[in-house]
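> Below are the chains, spelled out letter by letter.
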Amino acid sequence: MTDIFELLKGKPGDSDYEKKGVIVQGITGSYGSLHSRKMIEYGTNIVAGVTPNKGGQKFDDNIPIYNTMQEAVDATNAKISILFVPAKFFLSAAKDALNAGIKLLVAIPEHVPIRDTMETIELAKQKGAVVIGPNTPGIMIPELIKIGIMPPMPFKAGKIAVLSKSGTLLYEISDALTSAGFGQSITIGIGGDPVNGTRLIDAFEMVKDIPDLGGLVVVGEIGGDSEEILAQRIIDIGFSKPTVAYIAGRAAPKEKRMGHAGAIVMGTYGSAESKISMFNKANIPVAKRPAEVPVLLAGKMEKSD
Amino acid sequence: MQLLEFQAKELFREYGINLLDSISSTNIEEARKHVKELGYPFVIKIQVPVGGRGKAGGIQKCQNDDEFELKYPQVMDLTIKGEKARAILLEKMADIKKELYLSIFLNRSKRCYTIIASAEGGVEIESVKNQIIKEVGLGDVSEELAKEVAKEMGLEGKTADQFVDTLKKLSKLTIEKEAELVEINPLAIMQDDSVIALDGKFVTDDNSNFRHDELQKYQEKSEIEEQAEKSGFSLVELDGDIAVVGNGAGLVMSTLDMLSDNGGKAACFLDVGGGATTESVYEALTLISKLDRVKGILVNLYGGIVKTTVVAEAFLKAYENNLIDLPVFSRLKGTESEKAKEMLQGSKIKIFDTIEEAINAAVMGVKK
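For the record, the sequence lines run as chains U and Z. Residues 679 to 983 in our numbering are what the first sequence spells out, letter by letter. Residues 370 to 737 in our numbering are what the second sequence spells out, letter by letter.
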């Protein structure tokens, strides 16, 4: 299993400890440039950008731009990239990154065809790389590094890991957690697509052994069966840290895609009932409203004390 | 999108999957012309993008003109799970020996295509017994694997050969068209041991639309859905009276759930996308103004970066231009919310600190 913290922070003593270099693919686009600046503001060490045909220029007079990922990686030795290109160009940009040696690829674009995601995942497996997304807000260690598009305001450093399929619900629920005094050790956006580079179960494997993990919050939604699989895994290994879930889409009609490409119930596959009943089986309370998450978490913590 | 049966069958035919003769129509005059060509007996099948048609009376046998004249309009008038008939398919009656089940779907957790087959088809997938499940990666189903499935199903001779052929063609279709699900249920064994697709379900990956111009003719969208798509919004029309607007699919789903928990009924699901701007909120209100069943608008915005005053401006502009005359119940998280409240004082727009309060007010508000 990849140590996500080592990827994001490095090891104490490394020259780049806690300031790992990040390359932005599509840094000159409107979205890419906006969020590059916001990431820099947050403290993320953006070391290079990639935009074909703009190699040699500088972003904001400061960050070198390269034509290809290979050039950017050769020049910076960075292992992390965040990708902002339009969905149509996603596959070639992702391959470019993985072939250049990127080990953590954060894929922001929405509307990526499933086949392109699956090809990217296949390549990432061969290369031993982690893909977060697509259609994800990104990944962050609050107050240390943000590789994504999340607003900084809801997040605070702490001991709770938050895994979420939805972006705005990640903000909403982290905000509620922060207000209740529960900071976050890491937040991972799974993404709202049917197929995810890092599934809920993979993200769980990344965080479950954090030494001082205080608790886990899982923000799921209708579609697929990744919540059920996670709940089963939690039962199987007897994971005992306080865990609370939230599932969006209880009132959604069947067979309709609710905004996210992955948020669709087909027959009973992907229904909220199925997910909630599996979490209940795993003794994980499921909040009815985002605001209820910290309340249930506090309840769980009291019991485990 | 989910194709209608006759559309799925058009694709099946293109890929050489065996079918019965059938003709689709959208009115009885058109259908009458086809009746002679097809000849009795045949089956009238309602074309809706949902299952459970048989139980709802959407599939009727016809032996003669009298039955046809009586049943065609009846079936055409049905609404199944809120879906009206898009068309009617007339299909030759089949002499069936046995019903099988066959589908290829995108297995989201295994991240590969997966075959489900069963010798006991004809019922909904949840009730299909003795399912044979095979993961097939990203590529085509091989002859070898198809034969293995046929064998496990207990098929022999001509039937087994035709099943293998059908499965391979179905797999080619699934991959080439980038489908999320292609299902034949039932796949029938006829009296002469041949294998025929009696029904067809086909769900596309909408994100791959840009590579599939040939599927665009099947795209069926209301005017308002088309406009929503142009603006980069996701819109799902529902049958209640409170329009639900927010930024981010998860947040809007969550708002829908809470509204429903509090006895409210949503008129639509409208996700304006992760960010929110004056323009996007104004555009959302424009779309909602075109839904006549709406009595109130519930807005839930989590603006990490957005200023709530910017959103308030969009509301005020919408009233000023007489775009809407409906009460708005909103919860805006973001900067400058006090100032936004001031701006909206005395207007039909109410801002609340929590979504729970906004929902309660909306449910009460539309009752009046």
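These are computed hints drawn from the structure, not numbers from a lab. Every residue gets a Cβ at the ideal spot worked out from N, C-alpha and C, and that includes glycine. Misleading hints may appear alongside valid ones.
[What the hints assert, rightly or not] Coverage of chain U stretches by chain Z, computed from C-beta distances (three or more under 8 angstroms per stretch; other residues unrestricted):
#, stretch
1, 900-913
2, 960-971
[What the hints assert, rightly or not] Calculated cross-link-like contacts (lysine-lysine; reagent style PhoX-like; alpha-carbon spacing at most 25 angstroms):
#, chain 1, residue 1, chain 2, residue 2
3, Z, 546, U, 932
4, Z, 659, U, 934
5, Z, 686, U, 934
6, U, 766, Z, 599
7, Z, 402, Z, 424
8, U, 934, Z, 479
9, U, 773, Z, 453
10, U, 966, Z, 634
11, U, 932, Z, 590
12, U, 934, U, 978
13, Z, 479, U, 803
14, Z, 586, U, 766
15, U, 803, Z, 503
16, Z, 450, U, 934
17, Z, 503, U, 837
18, U, 837, U, 978
> Now look at each hint and say whether the structure bears it out.
These are the hints, each one checked on the structure:
For the stretch 900-913 of chain U, the stated coverage by chain Z is satisfied: 6 residues place a CB nearer than 8 angstroms to a CB of that chain, which reaches the threshold of 3. Note: the stretch 960-971 of chain U has 4 residues with beta-carbon separation from chain Z under 8 angstroms; the three-residue rule is met and the coverage holds. A C-alpha spacing of about 24 angstroms is found between residue 546 of chain Z and residue 932 of chain U, which places the hinted pair at or below 25 angstroms, so the restraint holds. For a cut-off of 25 angstroms, the pair hint linking residue 659 of chain Z to residue 934 of chain U stands: about 21 angstroms separates their Cα positions.
At roughly 32 angstroms between alpha-carbon atoms, residue 686 of chain Z and residue 934 of chain U are farther apart than 25 angstroms, so this suggested pair is violated. Between residue 766 of chain U and residue 599 of chain Z the CA atoms are separated by roughly 17 angstroms; this keeps the pair inside 25 angstroms, and the hint holds. A distance of roughly 28 angstroms separates the Cα atoms of residue 402 of chain Z and residue 424 of chain Z; the hinted pair therefore is violated under the 25 angstroms criterion. Simply put, residue 934 of chain U and residue 479 of chain Z have alpha-carbon atoms about 22 angstroms apart, close enough for the 25 angstroms limit, and the pair holds.
Restraint check: the Cα-Cα separation between residue 773 of chain U and residue 453 of chain Z comes to about 45 angstroms, which exceeds 25 angstroms; the hinted pair is violated. Simply put, residue 966 of chain U and residue 634 of chain Z have alpha-carbon atoms about 17 angstroms apart, close enough for the 25 angstroms limit, and the pair holds. A hinted pair counts as satisfied when its Cα atoms are at most 25 angstroms apart, and residue 932 of chain U with residue 590 of chain Z qualifies at roughly 18 angstroms. Proposed proximity of residue 934 of chain U and residue 978 of chain U is contradicted: the alpha carbons are some 34 angstroms apart, above 25 angstroms.
Between residue 479 of chain Z and residue 803 of chain U the CA atoms are separated by roughly 14 angstroms; this keeps the pair inside 25 angstroms, and the hint holds. Of the supplied pair hints, the one linking residue 586 of chain Z and residue 766 of chain U holds, its CA atoms being roughly 21 angstroms apart against a limit of 25 angstroms. For a cut-off of 25 angstroms, the pair hint linking residue 803 of chain U to residue 503 of chain Z stands: about 21 angstroms separates their Cα positions. Between residue 450 of chain Z and residue 934 of chain U the alpha-carbon distance is near 12 angstroms, which keeps this suggested pair within the 25 angstroms criterion.
At roughly 41 angstroms between alpha-carbon atoms, residue 503 of chain Z and residue 837 of chain U are farther apart than 25 angstroms, so this suggested pair is violated. Distance check on the hinted pair: residue 837 of chain U and residue 978 of chain U sit about 15 angstroms apart at the alpha-carbon level, within 25 angstroms; holds.
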